[in-house]
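Peer 1: Note that the protein sequences, when read in sequence, are chains A and B.
Start counting the first sequence at 1; every next residue gets the next number (the working numbering).
Start counting the second sequence at 128; every next residue gets the next number (the working numbering).
It is worth saying that the hints were derived from the structure and are not from the lab.
Be aware that a few hints might be false.
[Said to hold, decoys possible] Taking lysine-lysine pairs in the DSS-like style, the calculated list, with each CA pair at most 30 Å apart, reads:
1. Lys-305/B / Lys-14/A
2. Lys-195/B / Lys-137/B
3. Lys-299/B / Lys-7/A
4. Lys-137/B / Lys-39/A
5. Lys-151/B / Lys-274/B
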Amino acid sequence: MDKDEEKLIKRFGKVEPYNVPDGYFEDFTRQLMSELPDKSHKTGIVELHPMLWSSRLRGGIAAAVIAVTLTIGVYTYIGKFNVINSYERSSMPQKENLDQSKTNFDQMADYTMMDNEDIYASLVDNK
Amino acid sequence: MKYNENEILKELKNEQTCRQAFSKIVEHYSQPLYWKIRHIVVEHEDANDILQNTFIKAWSKMDGFQNKASLYTWLYRIAINESLDFIRSQKNNNNISADQNEGLASRLIADEYFNGDEIQANLQEAISHLPDVQRSVFCLRYYDEMKYSEMSEVLGTSEGALKASYHLAVKKIVEFFKLHD
Chain A
1 MDKDEEKLIK RFGKVEPYNV PDGYFEDFTR QLMSELPDKS HKTGIVELHP MLWSSRLRGG
61 IAAAVIAVTL TIGVYTYIGK FNVINSYERS SMPQKENLDQ SKTNFDQMAD YTMMDNEDIY
121 ASLVDNK
Chain B
128 MKYNENEILK ELKNEQTCRQ AFSKIVEHYS QPLYWKIRHI VVEHEDANDI LQNTFIKAWS
188 KMDGFQNKAS LYTWLYRIAI NESLDFIRSQ KNNNNISADQ NEGLASRLIA DEYFNGDEIQ
248 ANLQEAISHL PDVQRSVFCL RYYDEMKYSE MSEVLGTSEG ALKASYHLAV KKIVEFFKLH
308 D
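Let the sequences and hints guide you as you build the complete structure.
Peer 2: Below, the structure written as structure tokens:
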């Protein structure tokens, strides 16, 4: 025992300074046992089937959600782009419209891998 | 009826006898647990609530009790943790600072469940200024005279750390009275 502890004990002693209501301990066990839940009923606790929430399944669901969100986002963006494009085309003056047609024609030519001169030539023949 | 813990632990595993066995545990441990809790939290009503929570928690976790520690250590650990959680939540909820422990002595003197004198009330105020864990170490050692080896099992701290913590707590209380005398 060190000197400081000796001082404390000398000054204050180790008397219990607190008390309890009359009959508190006598009644405590009976009162507690009456409030104790029945072990067979796990009320208030909802247990999810553990398989539903396995980490693998959670990961799969998360990946699926991300994929769907990205897909919707991409389609929305492309859709918006096309809508804007068609809106812009319709509101353009005629000359710009013609230029746009030429551009589209060139693009189509590229796509079909035909020479532009051949396509133009065919168009002339068809007139 | 004599308390036989080995028999009681066997009865706990039987669904038909487990409630009766648990009531024997409550009867045996309620008083010593109560005083340990009370020294930490001070108010009787709070100590009563925490004591009930301790046993309810023990009841719900009884299936997980694996006899690795003694029942005594296990119950005391739950009780001390509940007490520490309580005083921490008091501080968080009410923004209780050290300054608000001032005046505890006069409140205790007016408390019907405190039968100490002014000197004892002043000691309780000094103890309330200690950090939470240090407060519990001091109370377990000073009032309950718990061995450091037992305390180490209950608190999960080394005996050396506990001795140092108690020594510091005593020093702080002595300093408190030097300032306030």
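Peer 1: If a hint holds in the structure, say so; if it doesn't, say that too.
Peer 2: Now the hints, each set against the structure:
1. Lys-305/B / Lys-14/A: Distance of about 20 Å is within 30 Å: holds.
2. Lys-195/B / Lys-137/B: 15 Å, holds
3. Lys-299/B / Lys-7/A: 13 Å, holds
4. Lys-137/B / Lys-39/A: Measuring from Cα to Cα gives roughly 17 Å; hence the hint holds.
5. Lys-151/B / Lys-274/B: 25 Å, holds
Of the hints listed earlier, there is not a single one the structure fails to meet.
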